[in-house]
Amino acid sequence: METRMTSIREEKPVRAKPEAPEEIKDHELFRDFVEQTWHHIRHVETIRLWTTNTYAFIIGGVLAFASAIPDKILKIFLLIVLLFIAVLGVLMNLRIKANVEDAFARLDRILRERVGLAEQLRFGTPTGFARHLSVHWMFLAFYIGMVVLFSLLLLHELGVILWLHDLLGVPRP
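Following my numbering, the numbering of the sequence shown begins with 79 at its first residue and continues without gaps.
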């Protein structure tokens, strides 16, 4: 009995050719849609800024209050609340970034497919140091820094820092 080897070819999936998009019939409606999408993006960024401003005021007030009270249990509770708010800030920042990127992608796709203006509307890619630093990463670094700071303050209030000094043989301050 003779066995015959056959070659197995990988077939490329057949992609359907994209149909030409319908012609835009109501230009005013389309312009309003693009404008509202842009306003939504700006609104979400403004929410992030105002939330961070409010957060900074809350931190200042709570820390001023905590420094004036001698009760250790209340200080620990306030630090736990601040730590929780900082973690919420990190999560909020990540969610806002996803929302803004999604809105930009939709707007870019619509302008590219329907109008062919996406390339003309780009502001250009930043160069130098600005290329690596974005507002999103600054907000994220701020909130992560607050999580680390409040974690260290909480550990200090709980006495864990002094316990580590004893464990490592470092003289206490």
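It should be emphasised that the hints constitute simulated quantities derived from the structure, not laboratory data. The C-beta atom is built at its ideal place from N, Cα and C for all residues, glycine as well. Some clues are possibly wrong.
Quick list of the computed label-pair ranges, beta carbon to beta carbon [stated by the list, open to error]:
id : residue 1 : residue 2 : range
1  : A176      : L141      : 27 to 35 Å
2  : I147      : H118      : 14 to 22 Å
3  : I151      : R173      : 27 to 35 Å
4  : T132      : L227      : 30 to 38 Å
5  : N131      : I222      : 26 to 34 Å
6  : V213      : V165      : 41 to 49 Å
7  : L230      : E191      : 46 to 54 Å
8  : L236      : T124      : 35 to 43 Å
9  : E179      : I222      : 17 to 25 Å
The list that follows gives simulated cross-link-like pairs (lysine to any residue, SDA-like), each with its CA atoms no further than 20 Å apart [stated by the list, open to error]:
id : residue 1 : residue 2
10 : K175      : L211
11 : K175      : L240
12 : K175      : H118
13 : K153      : L230
14 : K175      : L242
15 : K150      : L236
16 : K150      : V248
17 : K175      : V122
18 : K153      : L169
19 : K150      : L233
20 : K175      : I158
21 : K150      : H234
22 : K175      : T132
23 : K175      : W215
24 : K150      : L240
25 : K153      : A134
26 : K175      : H121
27 : K153      : Y133
28 : K150      : L161
29 : K153      : L240
30 : K175      : S212
31 : K150      : E235
32 : K175      : V238
33 : K153      : W215
34 : K153      : V226
35 : K153      : M224
Between N131 and I222, is the Cβ distance one that fits in 26 to 34 Å?
violated (18 Å)
With the threshold set at 20 Å, check whether the alpha-carbon distance from K153 to A134 stays at or below it.
holds (18 Å)
A176 versus L141 beta-carbon gap, inside 27 to 35 Å or not
Check passed, 31 Å falls within 27 to 35 Å.
Run the distance test for K153 versus W215: straight-line Cα separation, threshold 20 Å.
violated (30 Å)
Given pair status - L240, K175, alpha carbons within 20 Å:
Cα-Cα ~39 Å, so violated.
Given the range 14 to 22 Å, decide if the beta-carbon distance of I147 to H118 lies inside it.
Check failed, 43 Å falls outside 14 to 22 Å.
Given the hint that K153 pairs with M224, does the C-alpha gap stay at or below 20 Å?
holds (16 Å)
Hint consistency between K150 and L240 [alpha-carbon to alpha-carbon, up to 20 Å]:
holds (16 Å)
Restraint status (C-alpha distance of K175 to H121 at most 20 Å)
Given pair K175, H121 holds - Cα atoms ~13 Å apart, limit 20 Å.
Satisfaction of hint between L236 and K150, Cα-Cα up to 20 Å
Satisfied, since the Cα-Cα distance of roughly 9 Å is no more than 20 Å.
Is the straight-line distance between the alpha-carbon of K150 and that of L161 20 Å or less?
holds (16 Å)
Given the hint of 46 to 54 Å, check if L230 and E191 actually sit that far apart at their C-beta atoms.
holds (50 Å)
Against the hints set out earlier in the document, violations occur for numbers 2, 4, 5, 6, 11, 14, 16, 18, 20, 32 and 33.
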